[in-house]
Structure formats: C-alpha cells, structure tokens
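Chain A is already provided as a structure; the job is to place chain B on it using the hints.
Chain by chain, the residues:
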Amino acid sequence: MKVTRSKDFWAGLMFIAFGVGFILVARDYAIGSAVRMGPAYFPTVLGGLLTLLGLAIGGRAFVAAGAAVGRFALRPAILVVLSVVLFALALRPLGLVAATAILIFVGAFGGSEFRWWEVAVLYLVLIVFSVAAFYHGLGLPFQLWPAFVGR
Amino acid sequence: MEIFANLGLGLSVALGIQNVLYCLFGVLLGTLIGVLPGIGPLATIAMLLPVTFTLPPISALIMLAGIYYGAQYGGSTTAILVNLPGEPSSVVTTLDGYQMARRGRAGPALGIAALGSFFAGCVATLVIALAAPPLAEVALKFGPAEYFSLMVLGLVSATVLAHGSLLKAIAMVVLGLLLGLVGTDVNSGVQRFTFGLPELSDGVGFVIVAMGMFGVAEIMMNLEHEGRREIFVKRVTNLLPSRQDLKDAFPASARGTAIGSVLGILPGGGAMLSSFASYTIEKKVSRNPETFGQGNIRGVAGPESANNAGAQTSFIPMLTLGIPGNPVMALMIGAMMIQGIAPGPQVMTERPDLFWGMIASMWVGNLMLVILNLPLIGLWIKLLTVPYRMLFPAILLFCCVGVYSINNSSFDVLVMAAFAVLGYVCVKLDCEPAPLILGFILGPLMEENLRRAMLLSRGDPTTFVTKPISAVLLAIAVALLLVVIAPAVRKRREEAFQE
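The listed protein sequences derive, respectively, from chains A and B.
In terms of my numbering, the first sequence opens at residue 1 and continues consecutively.
In terms of my numbering, the second sequence opens at residue 1 and continues consecutively.
Just to be clear, a hint being listed does not mean it is correct.
What follows is a list of derived Cβ distance ranges for each label pair [what the hints assert, rightly or not]:
no., chain 1, residue 1, chain 2, residue 2, range
1, B, Asp353, A, Gly137, 23 to 33 Å
2, A, His136, B, Leu482, 14 to 24 Å
3, A, Ala73, B, Leu482, 33 to 43 Å
For the chain A half of the interface with chain B, some residues (derived, Cβ under 7 Å), not all of them [said to hold, decoys possible]:
no., residue
4, Ile16
5, Pro43
6, Gly137
Derived SDA-like pairs (lysine to any residue); straight-line CA-CA distance at most 25 Å [claimed, not checked]:
no., chain 1, residue 1, chain 2, residue 2
7, B, Lys382, A, Glu118
8, B, Lys247, B, Val370
9, B, Lys428, A, His136
10, B, Lys428, A, Thr4
11, B, Lys141, A, Val35
12, B, Lys428, A, Val3
13, B, Lys428, A, Ala73
14, B, Lys382, B, Lys141
15, B, Lys428, A, Leu13
16, B, Lys284, B, Arg452
17, A, Lys2, B, Asp430
18, B, Lys428, A, Ala34
19, B, Lys467, A, Leu13
20, B, Lys382, A, Ile16
21, B, Lys382, A, Ser112
22, B, Lys428, A, Leu74
23, B, Lys382, A, Leu24
24, B, Lys467, A, Leu79
25, B, Lys141, B, Arg452
26, B, Lys428, A, Ile16
27, B, Lys382, A, Ile127
28, B, Lys382, A, Trp116
29, B, Lys428, A, Leu82
30, B, Lys428, A, Ala68
31, B, Lys428, A, Gly70
32, B, Lys467, A, Ala34
33, B, Lys283, B, Gly293
34, B, Lys428, A, Phe109
35, B, Lys382, A, Phe129
36, B, Lys428, A, Ala64
37, B, Lys428, A, Arg5
38, B, Lys428, A, Val128
39, B, Lys382, A, Trp117
40, A, Lys2, A, Arg71
Hint data in this document are derived by calculation from the structure and do not stem from the laboratory.
Don't be surprised by glycine CBs; every beta carbon is placed ideally from N, CA and C.
Looking at chain A on its own, in the form it has when it is part of the complex (with noise of 0.2 Å):
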C-alpha cells in the first residue's frame, strides 16, 4: 500500500500542521518564563508537543501498513456543510423564514432521497415551530423576514 493512502499518514500531517501552525503564530507574543509565563509559553510547548505526537503518528504510516482512508462522500458532506454556510450568511439580510428554507432545501439535498412535497411539509413544519417556539416562546431576537421589506 502507498504511504499516502494511509489514515495514520494523513493524520500525522494534520497534527504536525496545526503544532507547527500555532508555535509559528504564537512566535508574534512574548514568550516570557518559567516562572512569569508570557503568553507564547503555554502554546509553544504545546505547539511543540503536538508536532512530536503527530511525527510519530505519521511515522508509522512508514513502518507498519495501518487502515487506508475510506471513501469520503462528498456529496452530503459538502451540502450539510454548504447549508449552514448558506444560513448563517442569509440570517441577517434574509430573516429566519428565508435563511430556513435554505438551510432545509439544501441540506435535505444532501440525503439519500430529495422529494420536493416531502422536504416542503418539513419546512412548514418547521417553521412554524420556530416562529412559534423561538421567537414566540422563548423570546429570541430573530429577525423574521428580510430586512427590505420593513416590520
């Protein structure tokens, strides 16, 4: 098996990207002591860690054949993730009635089946609910339709 089809490989690199990754950023603060411990001190130890545990992990994608990385599916991933993008974007501009719609019809999309009446009746639903429950119940303070069209 190829080293790079290997999960311990890939995890190795995510490690030793965000150890490096943090020692470097925290190089901007002041480091300070062991006794007066500046701000960079605790990261950079840390940073220094994570980039030796993730050497190791890595490194025995070299020596022993571990598990491959799966098949990732890319499809509901993408839209689950798309979705509430989508919904946090439109929150503000679009209201909660529309910035939902988006969030539910594109998100529904990512599922094993799409029919349109179906995710419709959800979002009625679910609507409702929130409107009632959220904004009426518990008070919290939603806009509801787009900021254009006024109270």
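Same frame as chain A, now just chain B:
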C-alpha cells in the same frame, strides 16, 4: 445522620411543584432525544442553554440533568427494537437486546433495561450523596498545583478510555488544549490566535465546538451510510420480566451499577465507558459466555444499569471540584455560570438547597422515568418510524438556531461549520473527537493553574510532585498510562517474536 437531613432538604426542593414539572419535562425530552439516533443530550442541552437564563437556577439544573440521564433510558429502547444505538452509551445493548427482541422477548428486554436503570439510578444517587461531601472537603485544600495535576489526570483518563490509537487520542487532547487558548490571554491581555478577528477575542465557545464536531459532523457521517431502519417489533406486549429473568438479571445489574458508579466518577469516564466495561465483565464472569450476543438478559441488564449509574456519578467531579469530566458536564458548568454560580466545592456549603435539590431530583426523575417509560413505549416506536431524511434537516436547524442564539452571532454559526469539517475529517482519520472537546474545555483552566503554580513555586517544576495530593494524582495518571501501554507493547513484542 446528616445525610438524611441533607437528602430531606433536597427532596423538599425537588418536590416543589415547579421543579417536579421541569424535571418531568427534562426526562421526557431526554428520553425523546435518546430514542432518536443522531441527536444526543449534548446538542439538546446546548440548545436549551440560552433558555435556562430565564429560569430559577435550581429548576434549570434539574431540567438539564434530567435530559442527560433521561437520554440513557431512551437510548436503550432504540438499541433493543431497531438494533441501532439511540445513544453511544447503548451500543452494547444492541448486542443482546436486539437478539432478545428477535426472539419475541422485546418486552422483558425493555422492562429489565428500565428496572436496571432505575435500580442503578437509586444507588448512584446515594453514592453522590455519600461521596460528594468528603470530596468537596478535600477539594477546599486544593491549590493551583493540585488543580493542574487533577486536570492532567482527567485528560489522561480521557485518552486511555478513548478507543483506538492512544497516540491519536493524546494528540487530539493537545489539539483541543491549543484551540481552547484562542482568545484574549487573561494575564497579559494579548489577543492570541485571533487573526485580528474581533469575534474571536472571547475565544470560541465550547458549545459551538461541540455542536460542530458532534452535532453537524455526526449528520455528515450518518448520511454516508444511511441504511433503512427496520423495526422488528410493531407492538410490545408483556413488559414485565418473569421471575427467572429477574433472578438472572439482578446480579448483573448490581455489578453494572458498581462499575458505573466508579467509572462515572473518573474524569473522562461516564455513561459510555461504563456500559462497555460492564458488558466485558458480564461476559467474563458468566459460566456460559457463548450465550452472550444471542439474547442473554444479563447483557442487557448489566450495561443498562452501568450507563445510568455512570451518567449520574459523573456529576460528582463537576459538583465537588468544578471540573467537567465529560462534555455534558462542561455544559452543566456553563449553565451554572449563566446563573452566576461558580461551580466548585463551595457550592455545597453556600447553596445547599441547589446542591441537594439537584441530587434528590435525580431520584425523583428516575422514578418518573420508570413509571412513564413503560406505557410510552408505543409512542417511541411510532417516532422511530420517522425516516432519517426527515429528521436530519430538523436537527441541523436546531443546531444552527442553538449556536446562533448564544451570542446572536452569525459568525458563530460559521465557526460551527468549520468545526463540523474538522470533526468529519478527524473521524475519517480514526481520531476520536471526544478527547479534543475535553482538552478544549480544560485548556484555559490548565494554563491558568500552571502559571499560578509555577509563580508560587518560583519556577520550580518539582512542586507538582512534592505536594502530596498533586503527587498522588499524577502517579495515578502515570499508572493509568502504563496499564494501557504495557499490554500493547507486550502484544507487539509477541507478534515480533512469532515472525
């Protein structure tokens, strides 16, 4: 007998009409989300966190606690009827519970799970009442060095208990510690790792991290292998176990309760670990281990008692030391902070009504669960027929609304999406997210106590081993690590020799 006076005070608080209602709401909601796979107590409590602000502190805590242990009850229903764990802590219940259901014994399986949980809940409540006061007394003597060592022990046990590679679990803890440091450094006021974003100056809320890595990432995983759920039993009749069943199940249930009570107290422990340990032990002590996996009632009674006991005793470190042993307890601490209560050993003396009221409410809640759950099983079965493709958009919406409403911030929702991606990648690379969350929660606390301890000892790191309590805590941590590493090393060596 002080304990009875204390429990009496607790009961008088817990039996107040308002608190009974919140307890009922909590355990019902907990059971509901326990039954449904794909949404757990963590996401639910996180969503309700902003709401608890408007409640009296004791009612809020009683409700949130009810969600947690209620979920343990609900999880077993799904495990037995559908062969899917409703909660991670009921994974092992699927092994024998589902087999019992296939043999037409779904009723007794559900019955024994509920009764075992109730028994465990009662014992665990007593354990908390007995163990918490002396522990809180010890905790009052804790200085920064002791707190630091305690957290090291907590993190070590979290890595030891995580399944899979130990190295990866440690790395996830360290990554969590680092991510927890994002934000303003309390000592110097320097903005660390914020990349100039004002939204990050307070750090990333752990609710956001938890919802991303557990809530949303889990949906991404579930959609990947979305199978059809087959409900084996449409109607469950005859829930009461026979006398023989009770005779078989009771020792297992008692052992499970003991295991759960001990493992729950360990930081990093809790419901899931307890159930796994109990199943392993039941198999070991059984005279016919081959009957496990074929519908042995002990394989249901043991783990189901253990997970409920573990869920409840995991409150002990939170209530006495102010240290969260698992992510759910971290949320409970969050709920206390919202109410202006600093968790720690002083809660017991300053707010005895709160402390004992919460403990007594657990017993009340367990009683409600066992009475309510058996007749409600028909309703839960109906719920399970809702396909996942209808459920996950709803869960997604609740995650988003929950995270948004903490700070009314769209930015937080984006951060949650980022952590969802990280969580998904980590699971794909066999790195369990739970240790990361624990590290994330403890990161700032650990740095703070490390700094203070080193300042007090004038930079002498031996302070951690010369103070007796701290030394003992560290020794336990080292011993735990050795216990795990030793067999692995031996095994590797044997394999090498065989070649």
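Status of each hint after checking the structure:
no.: 1; hint: Asp353(B) - Gly137(A): 23 to 33 Å; result: holds (28 Å)
no.: 2; hint: His136(A) - Leu482(B): 14 to 24 Å; result: violated (57 Å)
no.: 3; hint: Ala73(A) - Leu482(B): 33 to 43 Å; result: holds (40 Å)
no.: 4; hint: Ile16; result: violated (10 Å)
no.: 5; hint: Pro43; result: holds (5 Å)
no.: 6; hint: Gly137; result: violated (9 Å)
no.: 7; hint: Lys382(B) - Glu118(A); result: holds (18 Å)
no.: 8; hint: Lys247(B) - Val370(B); result: holds (19 Å)
no.: 9; hint: Lys428(B) - His136(A); result: violated (41 Å)
no.: 10; hint: Lys428(B) - Thr4(A); result: holds (14 Å)
no.: 11; hint: Lys141(B) - Val35(A); result: holds (23 Å)
no.: 12; hint: Lys428(B) - Val3(A); result: holds (16 Å)
no.: 13; hint: Lys428(B) - Ala73(A); result: holds (11 Å)
no.: 14; hint: Lys382(B) - Lys141(B); result: violated (53 Å)
no.: 15; hint: Lys428(B) - Leu13(A); result: holds (14 Å)
no.: 16; hint: Lys284(B) - Arg452(B); result: violated (46 Å)
no.: 17; hint: Lys2(A) - Asp430(B); result: holds (18 Å)
no.: 18; hint: Lys428(B) - Ala34(A); result: violated (38 Å)
no.: 19; hint: Lys467(B) - Leu13(A); result: violated (39 Å)
no.: 20; hint: Lys382(B) - Ile16(A); result: violated (48 Å)
no.: 21; hint: Lys382(B) - Ser112(A); result: holds (22 Å)
no.: 22; hint: Lys428(B) - Leu74(A); result: holds (12 Å)
no.: 23; hint: Lys382(B) - Leu24(A); result: violated (55 Å)
no.: 24; hint: Lys467(B) - Leu79(A); result: violated (54 Å)
no.: 25; hint: Lys141(B) - Arg452(B); result: holds (15 Å)
no.: 26; hint: Lys428(B) - Ile16(A); result: holds (17 Å)
no.: 27; hint: Lys382(B) - Ile127(A); result: holds (23 Å)
no.: 28; hint: Lys382(B) - Trp116(A); result: holds (23 Å)
no.: 29; hint: Lys428(B) - Leu82(A); result: holds (19 Å)
no.: 30; hint: Lys428(B) - Ala68(A); result: holds (10 Å)
no.: 31; hint: Lys428(B) - Gly70(A); result: holds (7 Å)
no.: 32; hint: Lys467(B) - Ala34(A); result: holds (19 Å)
no.: 33; hint: Lys283(B) - Gly293(B); result: holds (10 Å)
no.: 34; hint: Lys428(B) - Phe109(A); result: holds (22 Å)
no.: 35; hint: Lys382(B) - Phe129(A); result: holds (20 Å)
no.: 36; hint: Lys428(B) - Ala64(A); result: holds (19 Å)
no.: 37; hint: Lys428(B) - Arg5(A); result: holds (12 Å)
no.: 38; hint: Lys428(B) - Val128(A); result: violated (36 Å)
no.: 39; hint: Lys382(B) - Trp117(A); result: holds (22 Å)
no.: 40; hint: Lys2(A) - Arg71(A); result: holds (16 Å)
Of the numbered hints stated above, those contradicted by the structure are hints 2, 4, 6, 9, 14, 16, 18, 19, 20, 23, 24 and 38, listed in ascending order.
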